[in-house]
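Start from the sequences, fold in the hints, and give me the full structure.
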Amino acid sequence: MTTNAERFDHWIRGTFAELNTQLEERYFAQAD
Numbered sequence: 777m778t779t780n781a782e783r784f785d786h787w788i789r790g791t792f793a794e795l796n797t798q799l800e801e802r803y804f805a806q807a808d
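When you line the sequence shown up against our numbering, it's residues 777 to 808, in that order.
Hints are not guaranteed to be accurate.
Beta-carbon label-pair distances, calculated as ranges [claimed, not checked]:
no. : residue 1 : residue 2 : range
1   : T779      : D808      : 23 to 33 Å
2   : T778      : A807      : 27 to 37 Å
3   : R783      : Y803      : 24 to 34 Å
4   : Y803      : E782      : 27 to 37 Å
5   : Q806      : F784      : 24 to 34 Å
6   : F784      : F804      : 20 to 30 Å
7   : E800      : N780      : 21 to 31 Å
8   : T797      : M777      : 16 to 26 Å
9   : D808      : T778      : 42 to 52 Å
10  : M777      : Q798      : 20 to 30 Å
11  : A781      : Y803      : 40 to 50 Å
12  : M777      : A807      : 36 to 46 Å
Since the hints were made in silico from the structure, they are not lab data. Ideal Cβ positions, reconstructed from N, Cα and C, are used throughout, including at glycine.
Here's what the structure looks like:
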């Protein structure tokens, strides 16, 4: 993998996944 691909892979599996989880939790916790 290239350096950029490695950085992207780390970001998508790490930071992005954490942010997405937080957003999903807030979304499902809100009242309709």
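Can the suggested window of 40 to 50 Å be confirmed for the beta-carbon pair A781 and Y803?
Given about 30 Å between the Cβ atoms, the range is violated.
Take a look at whether the Cβ-Cβ distance between D808 and T778 falls inside 42 to 52 Å.
holds (45 Å)
Could one say that the CB atoms of Q806 and F784 fall in the range 24 to 34 Å?
For F784 against Q806, whose Cβ atoms are near 31 Å apart, the range 24 to 34 Å holds.
CB-CB spacing for D808 and T779 relative to the 23 to 33 Å hint:
Violated, at about 45 Å.
Please check whether E800 and N780 have a Cβ separation lying inside 21 to 31 Å.
Given range 21 to 31 Å: holds, Cβ gap about 27 Å.
Status of the given 27 to 37 Å range, CB of A807 versus CB of T778
violated (45 Å)
Outcome of range test on Cβ distance (M777, Q798; 20 to 30 Å)
Holds, at about 27 Å.
Indicate whether the distance between the beta carbons of R783 and Y803 respects the range 24 to 34 Å.
Taking Cβ atoms as reference, R783 and Y803 lie about 28 Å apart, which means the hint holds.
Distance restraint evaluation - F784, F804, Cβ atoms, bounds 20 to 30 Å:
Because 27 Å falls inside the window, the suggested range holds.
Using the Cβ atoms, figure out if M777 sits within 36 to 46 Å of A807.
holds (44 Å)
Please check whether Y803 and E782 have a Cβ separation lying inside 27 to 37 Å.
Taking Cβ atoms as reference, Y803 and E782 lie about 30 Å apart, which means the hint holds.
Tell me if the beta carbons of T797 and M777 are separated by a distance inside 16 to 26 Å.
holds (25 Å)
Checked against the numbered hints given earlier, this structure breaks hints 1, 2 and 11; the rest are met.
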